[in-house]
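2 protein chains.
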Amino acid sequence: MARRTPQLAGRTVRVLVCTERKTFVTRELPEVRVTFEGIEGDRHAGLTRPSDVRTPWFPRGTPIRNTRQLSLVSSEELAEVAQGLGIPEVLATWLGANLEVAGVPRLTLLPPGTRLFFPEDAVLAVEGENTPCIGPGRVIEAHHPDGPKLASRFVKAAWQKRGLVAWVERPGLLRAGDEVRVMLPKPVTYVLPG
Amino acid sequence: MARRTPQLAGRTVRVLVCTERKTFVTRELPEVRVTFEGIEGDRHAGLTRPSDVRTPWFPRGTPIRNTRQLSLVSSEELAEVAQGLGIPEVLATWLGANLEVAGVPRLTLLPPGTRLFFPEDAVLAVEGENTPCIGPGRVIEAHHPDGPKLASRFVKAAWQKRGLVAWVERPGLLRAGDEVRVMLPKPVTYVLPG
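Listed in order, the protein sequences are those of chains E and V. Read in order, the letters of the first sequence correspond to residues 1 to 194 in my numbering. Read in order, the letters of the second sequence correspond to residues 1 to 194 in my numbering.
Take these hints with a grain of salt, some might be off.
Copies of the same chain are indistinguishable here, so a pair counts whether it falls within one copy or spans any two.
No farther apart than 20 angstroms at their CA atoms in a straight line, the calculated lysine to any residue pairs in the SDA-like style are these [what the hints assert, rightly or not]:
#: 1; residue 1: K186; residue 2: R106
#: 2; residue 1: K149; residue 2: P50
#: 3; residue 1: K186; residue 2: L109
#: 4; residue 1: K156; residue 2: P187
#: 5; residue 1: K149; residue 2: G86
#: 6; residue 1: K186; residue 2: C133
#: 7; residue 1: K186; residue 2: S51
#: 8; residue 1: K22; residue 2: A151
#: 9; residue 1: K156; residue 2: R106
#: 10; residue 1: K149; residue 2: G135
#: 11; residue 1: K22; residue 2: G103
#: 12; residue 1: K186; residue 2: T131
#: 13; residue 1: K186; residue 2: D52
#: 14; residue 1: K149; residue 2: R49
#: 15; residue 1: K149; residue 2: V188
#: 16; residue 1: K22; residue 2: A79
#: 17; residue 1: K186; residue 2: V53
#: 18; residue 1: K22; residue 2: R138
#: 19; residue 1: K149; residue 2: E80
#: 20; residue 1: K149; residue 2: Q83
#: 21; residue 1: K186; residue 2: R65
#: 22; residue 1: K149; residue 2: P105
#: 23; residue 1: K186; residue 2: R54
#: 24; residue 1: K186; residue 2: T23
#: 25; residue 1: K186; residue 2: F58
Hints in this document: simulated from the structure, not taken from any laboratory.
Start from the sequences, fold in the hints, and give me the full structure.
Written out as structure tokens, the structure is:
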């Protein structure tokens with residue numbers, strides 16, 4: 001069982017929420033409550049969601065289980081994205097993130113099935129990488145109108161650095177300043193036959 | 001996107017259900033309907049489940065999201081387990097499996113996040129390996145009372161061959177004889193720092 005206890009730890013830098021429909025940009029709160037539906041009141045909360053461009057193997061709008069309840073970013077990776085874009089900083093809120101974590105190396109590469117444990121009961125399960133699209137790039141560009149082509153450059157600069165999406169395995173609180181412990185799934189290597 | 005389209009295909013050999021509380025042994029049906037809760041009427045159905053010996057990092061009985069709605073086994077792996085035990089066959093029903101699949105090499109090693117697509121809309125998401133415990137071994141022993149220590153030998157013989165647990169991403173039908181297509185998650189390699 002030793003292999004399945006948390007192997008890494010980091011810190012919750014900030015928690016964020018978006019309760020509006022016309023923007024994905026999030027705002028910071030000291031803490032948020034998560035239920036099996038996600039963050040209470042957040043635009044991505046729900047046990048199910050309609051399939052979209054992220055799941056092109058389903059007809060658009062098909063109800064599927066919501067594995068993208070929360071989006072997570074890493075302070076260190078955000079700094080790398082900013083550096084790549086030549087701007088001072090990229091804020092978690094611009095990316096619509098719900099949680100900014102520090103101290104977990106290469107957060108974006110945590111594999112599907114990874115569990116994140118928080119001290120106030122909440123546990124998140126990683127669905128996988130949140131692949132960068134141009135939306136957050138446009139927000140960055142709006143904050144740096146003099147930056148050359150920031151919107152489209154964001155997609156490349158944020159490659160494997162844009163964080164994760166996750167769903168709630170156990171309800172509880174997410175709170176700025178709290179520790180987060182990371183439990184990797186059992187390592188498997190599946191090699192395609194032939 | 002090509003990388004995320006189904007890369008493997010197999011066949012649903014049988015679908016099985018357990019509607020009783022006093023046994024985990026399943027019985028075969030021509031087809032079953034799955035909802036977001038799992039197989040309708042099955043003992044493992046539910047959006048949530050109480051945590052148990054499989055999740056020792058939670059206090060026993062804590063409500064957590066149910067990622068073990070269905071259990072899947074492979075015809076080829078069952079044959080290998082039987083061979084290892086020196087008996088003619090190990091039946092999916094003895095292991096409490098809900099789905100027996102043939103033609104997907106090393107089914108048990110499909111990584112968390114793998115999706116299984118069925119022709120009647122249903123899609124299952126793989127939580128991970130179903131680690132063998134002694135319960136099914138006792139059922140096997142009950143069918144082979146002259147076999148030496150089959151119950152305890154099962155745990156070793158079924159190592160990495162006992163199949164998977166999964167949850168429903170999209171409702172639909174599971175039907176014996178239908179094709180199953182396998183979509184692996186995007187490959188990630190996460191190496192622990194240090």
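So, going through the hints one by one against the coordinates:
no. : hint           : result
1   : K186 with R106 : both (18 angstroms within a copy, 16 angstroms between copies)
2   : K149 with P50  : neither (32 angstroms within a copy, 50 angstroms between copies)
3   : K186 with L109 : both (15 angstroms within a copy, 11 angstroms between copies)
4   : K156 with P187 : between (29 angstroms within a copy, 19 angstroms between copies)
5   : K149 with G86  : within (11 angstroms within a copy, 67 angstroms between copies)
6   : K186 with C133 : between (30 angstroms within a copy, 17 angstroms between copies)
7   : K186 with S51  : between (29 angstroms within a copy, 18 angstroms between copies)
8   : K22 with A151  : within (19 angstroms within a copy, 59 angstroms between copies)
9   : K156 with R106 : within (17 angstroms within a copy, 36 angstroms between copies)
10  : K149 with G135 : within (13 angstroms within a copy, 61 angstroms between copies)
11  : K22 with G103  : neither (32 angstroms within a copy, 47 angstroms between copies)
12  : K186 with T131 : between (24 angstroms within a copy, 11 angstroms between copies)
13  : K186 with D52  : between (30 angstroms within a copy, 18 angstroms between copies)
14  : K149 with R49  : neither (32 angstroms within a copy, 49 angstroms between copies)
15  : K149 with V188 : neither (40 angstroms within a copy, 29 angstroms between copies)
16  : K22 with A79   : neither (27 angstroms within a copy, 55 angstroms between copies)
17  : K186 with V53  : between (30 angstroms within a copy, 16 angstroms between copies)
18  : K22 with R138  : within (15 angstroms within a copy, 58 angstroms between copies)
19  : K149 with E80  : within (18 angstroms within a copy, 57 angstroms between copies)
20  : K149 with Q83  : within (15 angstroms within a copy, 62 angstroms between copies)
21  : K186 with R65  : between (23 angstroms within a copy, 19 angstroms between copies)
22  : K149 with P105 : neither (29 angstroms within a copy, 46 angstroms between copies)
23  : K186 with R54  : between (26 angstroms within a copy, 13 angstroms between copies)
24  : K186 with T23  : neither (38 angstroms within a copy, 29 angstroms between copies)
25  : K186 with F58  : between (29 angstroms within a copy, 17 angstroms between copies)
When each numbered hint is compared with the structure, violations occur for hints 2, 11, 14, 15, 16, 22 and 24.
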